[in-house]
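Letter by letter, the chains look like this.
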Amino acid sequence: MPQPGLADTPSSLRPSPLRRLQRSLAPTVADGLLSLGLIALLLWVGLQLASWAIGRADWAVLQLNSMLLLVGRYPLAEQWRLWLLAGLLAVQAGLSWGLLRAWPRADRSLQGWLWPRHDRIAALCVGLLALLLPAALQLALPLQARWWLLAAALLALRWAAGRWGTRLHRHQLRLVGLLWPVLYLAGLWLIGGGLGLPRVASGDWGGLLLTLLLASFAMALSFPLGVLLALGRRSSLPLLRWGSVVYIEFIRGAPLITLLFIGQNILGFLLPSGLAPDRVWRAAWVLIFFAAAYLAEAVRSGLAAVPRGQLEAARSLGLSQAQALVQVVIPQALRVALPTMVGQFIALLQDTTLLSLIGLLDLLGTARGIMANPEFLGHSSELYLVLAVLYWGCCASLGLGSRALERRLDPRSEPTRG
Amino acid sequence: MAAPMTPPTPPASSALMIEATGVEKWYPNGFHALRGASLTVRRGEVVVIMGPSGSGKSTFIRTFNALEDFQKGSITVDGITLSNDVRQIDAIRREVGMVFQQFNLFPHLSVLENLTLAPVLVRKRPRSEVEGQAMALLERVGIAEQAGKFPGQLSGGQQQRVAIARALCMEPRILLFDEPTSSLDPEMVREVLEVMQALAHDDITMVVVTHEVRFARQVAHRVVLMDQGEVVEEAEPETFFTAPRHERTRRFLEQIL
Amino acid sequence: MTATPWWRNRRLLPWLLQGAVGLVVLLVIALLMTNLVRNLTAAGLLLSWRWLGQPAGFDLSETLLPFNASMSYGRALLVGLVNTLRVIVIALVGSSLLGLLVGMAAFSRNGLLRGLARVYVEVVRNVPLLLQLLFWYFVVFLALPDGTAALRLPAVVLAKSGLYLAGFSQGSWQLPQLANSGWQAPLHLSVEFAALLTGLITYIGAFIAEVVRGGIASVPRGQWEAAGALGLHWAASLRHIVLPQALRVIIPGLTNQYISLAKASSLALACGFTDLYSVAETTLNQTGRAVEVVLVLLAAYLSIDLLISATMNGLNRLVQVRER
Numbered sequence: 012m013p014q015p016g017l018a019d020t021p022s023s024l025r026p027s028p029l030r031r032l033q034r035s036l037a038p039t040v041a042d043g044l045l046s047l048g049l050i051a052l053l054l055w056v057g058l059q060l061a062s063w064a065i066g067r068a069d070w071a072v073l074q075l076n077s078m079l080l081l082v083g084r085y086p087l088a089e090q091w092r093l094w095l096l097a098g099l100l101a102v103q104a105g106l107s108w109g110l111l112r113a114w115p116r117a118d119r120s121l122q123g124w125l126w127p128r129h130d131r132i133a134a135l136c137v138g139l140l141a142l143l144l145p146a147a148l149q150l151a152l153p154l155q156a157r158w159w160l161l162a163a164a165l166l167a168l169r170w171a172a173g174r175w176g177t178r179l180h181r182h183q184l185r186l187v188g189l190l191w192p193v194l195y196l197a198g199l200w201l202i203g204g205g206l207g208l209p210r211v212a213s214g215d216w217g218g219l220l221l222t223l224l225l226a227s228f229a230m231a232l233s234f235p236l237g238v239l240l241a242l243g244r245r246s247s248l249p250l251l252r253w254g255s256v257v258y259i260e261f262i263r264g265a266p267l268i269t270l271l272f273i274g275q276n277i278l279g280f281l282l283p284s285g286l287a288p289d290r291v292w293r294a295a296w297v298l299i300f301f302a303a304a305y306l307a308e309a310v311r312s313g314l315a316a317v318p319r320g321q322l323e324a325a326r327s328l329g330l331s332q333a334q335a336l337v338q339v340v341i342p343q344a345l346r347v348a349l350p351t352m353v354g355q356f357i358a359l360l361q362d363t364t365l366l367s368l369i370g371l372l373d374l375l376g377t378a379r380g381i382m383a384n385p386e387f388l389g390h391s392s393e394l395y396l397v398l399a400v401l402y403w404g405c406c407a408s409l410g411l412g413s414r415a416l417e418r419r420l421d422p423r424s425e426p427t428r429g
Numbered sequence: 535m536a537a538p539m540t541p542p543t544p545p546a547s548s549a550l551m552i553e554a555t556g557v558e559k560w561y562p563n564g565f566h567a568l569r570g571a572s573l574t575v576r577r578g579e580v581v582v583i584m585g586p587s588g589s590g591k592s593t594f595i596r597t598f599n600a601l602e603d604f605q606k607g608s609i610t611v612d613g614i615t616l617s618n619d620v621r622q623i624d625a626i627r628r629e630v631g632m633v634f635q636q637f638n639l640f641p642h643l644s645v646l647e648n649l650t651l652a653p654v655l656v657r658k659r660p661r662s663e664v665e666g667q668a669m670a671l672l673e674r675v676g677i678a679e680q681a682g683k684f685p686g687q688l689s690g691g692q693q694q695r696v697a698i699a700r701a702l703c704m705e706p707r708i709l710l711f712d713e714p715t716s717s718l719d720p721e722m723v724r725e726v727l728e729v730m731q732a733l734a735h736d737d738i739t740m741v742v743v744t745h746e747v748r749f750a751r752q753v754a755h756r757v758v759l760m761d762q763g764e765v766v767e768e769a770e771p772e773t774f775f776t777a778p779r780h781e782r783t784r785r786f787l788e789q790i791l
Numbered sequence: 205m206t207a208t209p210w211w212r213n214r215r216l217l218p219w220l221l222q223g224a225v226g227l228v229v230l231l232v233i234a235l236l237m238t239n240l241v242r243n244l245t246a247a248g249l250l251l252s253w254r255w256l257g258q259p260a261g262f263d264l265s266e267t268l269l270p271f272n273a274s275m276s277y278g279r280a281l282l283v284g285l286v287n288t289l290r291v292i293v294i295a296l297v298g299s300s301l302l303g304l305l306v307g308m309a310a311f312s313r314n315g316l317l318r319g320l321a322r323v324y325v326e327v328v329r330n331v332p333l334l335l336q337l338l339f340w341y342f343v344v345f346l347a348l349p350d351g352t353a354a355l356r357l358p359a360v361v362l363a364k365s366g367l368y369l370a371g372f373s374q375g376s377w378q379l380p381q382l383a384n385s386g387w388q389a390p391l392h393l394s395v396e397f398a399a400l401l402t403g404l405i406t407y408i409g410a411f412i413a414e415v416v417r418g419g420i421a422s423v424p425r426g427q428w429e430a431a432g433a434l435g436l437h438w439a440a441s442l443r444h445i446v447l448p449q450a451l452r453v454i455i456p457g458l459t460n461q462y463i464s465l466a467k468a469s470s471l472a473l474a475c476g477f478t479d480l481y482s483v484a485e486t487t488l489n490q491t492g493r494a495v496e497v498v499l500v501l502l503a504a505y506l507s508i509d510l511l512i513s514a515t516m517n518g519l520n521r522l523v524q525v526r527e528r
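Protein chains in written order, with our numbering: chain A, 12 to 429; chain B, 535 to 791; chain C, 205 to 528.
Every clue listed holds true.
Just some of the chain B residues that point at chain A, by a computed CB distance under 10 Å:
(1) Asp624
(2) Gln635
(3) His642
(4) Leu643
(5) Ala652
(6) Pro653
(7) Val656
(8) Arg657
No wet-lab data here; the hints were simulated from the structure.
Where is the CB? At the ideal position from N, CA and C, for every residue including glycine.
Whole structure, please, built from the sequences with the hints as guidance.
As structure tokens, this is what we get:
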């Protein structure tokens, strides 16, 4: 028997839009007054902001410093390497995104839909960002065109892979997954140089480039370390368990700034002279060890959610302990831990701003340097606003991506219809 | 089903597949779970172990593939004596399949991948060959059309049949069943028991912990009663259910019949 | 039967593994320590605490305990610690109140209020705290007018020179007053302190709002309906029926947020406020005593964390017991 839903009620009985608005904004008189007050406040704030953005704000500070904010003091002659890397990343991201859509696993209800709602919203955001942000920064037209090209490449590959991705074989799909680490290493080479490319010292990396590089570096390397620590903490072997507990709790108890402080001021004493990495890499290592402790806790909660019977079943089939962990337990644990892990990655991305406090020129550090320049005095609001939008965009899109991945990986989804 | 009810009894001379003598186990909390349990199982035999809950029957069969360790006694499986040697333990686990009460299918793998995982990883067999065998096994347990689905999309009875097929895919010589129907809804018990009954006609050796009296009567060669960590009675089904020798068996049968 | 070789013995293997890991860790630690001692000896900085008693030679702008440049480094660090604790306590209360209000607003019948609560949480959580602190200090508080142009609210005055609050002074209620072109009031917070508090409270408040929202959402719908059936209106249902049950879920989440607040307070130097970390940094720059300063910092923050989690665990036990 079909459930009588809103669609079945005669339209005359459905509440009118005006009525629904009233129910939402003013269910009671008090709520109505509150809503009126809030609307007035929002209008006032909106007007103030608009008048500031159009009237008093001077966006020249961004226009003049856009490359500084993006890549720091990266030498102009070598910047083509970064554009190349951005292009490769856009292609790979579009390819992966499209293939994820073309190959739905549990989420079969989406099959046949080239552009589900979330994807349309995400694509719209990418397009708007590529159109508006360079324009807002008042970049030169050739520069703006490069951003359009990047977005176009991303979306075009998303479309093509979504449409024809099912023709690929399974092992070809795996290949695309494996391309990410390859691309990452290639990225490090393109950025740092060597092996035939002129070197660019890490001290010259800056701005958004440094922020994203350090964040992704810490994410990639803290991941295996975090999984090992989580396994150690759940191990039945006392030495491994207590060692992991002490490490995790110690790192999680200390503020990041004190750990960065250790990295800058004490790491040099701990290593043989001459072996200590430079300031950027010191900070990177601190971030890795810092993030690993938080990640370990996320993974631990995932491991706890995997029933004991899973390990027993795998062992009874003859798999070794290591095979059982890698093939059966860890994939399930990571799936459970995914939302928490992405939360930690978002926190890590935000935490990279602390690098500016120890004198590194990440995105925030570069911006603070610009604000300190007397030439741009009094225009920090514009910079803060753009920075906030940038960080917000990165963090929010990480969160959105994780939620999409979560839905796709859910093994308990409904059976296929029909 | 046209097959005869009780499978043919293997000759008494056939090889010993499991030989457990005087097995004692204490849990870390001091609980004395097994108190000198002994059992021998011959090749091709179907042995059903019954007993009240907490009698140690699950613990006992879990020592056969070293999922549980034990402190005293000895266990020989398929000619290999269980010791602390990890290589021997691995060898035994390859030859002994197990079906669990909670199915324990791998939820992140499809039904087919559940079957092929171990043969490909442990026996190093080519994937295409294993997939063919796996499809044949799924056909045999009657769920070939679900091969691409995930365990979470199947009913309990279907999951347990997949679990049996998964154990068979390793081509074990011995199959252990740890209360395979206890967590199933009543209407699904039959489909699983039918699969197990069909298996019993093969060459494979089966040790089954269960409360299913009908299964024990129709399929088992021998029925064993365990109580408080020891084997109390061991007899052919007919004798076991109609003329038990021990008082404890009689009391147990009163409760379940 | 042949004896099992030791490298295949499953009783021995776990100990071998632990021994190997332990050995590697010990070796690494030993290596680092020898390097540390050698390098510190070379720099003439071997572990010593005598410098704690030497005069600091720098001034601190804002102190609860009396302090001047002739007092010792130890005293300076103590003053910093007290300042840190002051920030933590006030921000803890403020962010809890804000978080509770916003978390409850997520269940309001008023759609606009719900939406605003959502927007606030999503915006604040996805922008780095350091950026927010800099924004509050440099863009908002340092841009405030002063003197007669200061923002005047009942009992509160916001000026470039700080936040002035009404209060009891010499037995009578006193409002902020303008005297000699400067404001005076019983309670005065510096702009640095006010900016830091605002930033911490709005940031941690958003996280607490999520904790509260999750806690309220964990209470079954039937409880709301039962309360409604008894004739309780929305606010009363929330206060008397739902919130007490939600506390079980909320308190563990709060503990995490309070600890992260304690750690986040170390960003005070972004607002120019002298907390423990900024005093420690100045101390390091003057004395070069990196190892000792780090030990002091770690000990202080780890103790604060322990104090918070011990208190909250006690509170948690109280709530869980009352439940039965």
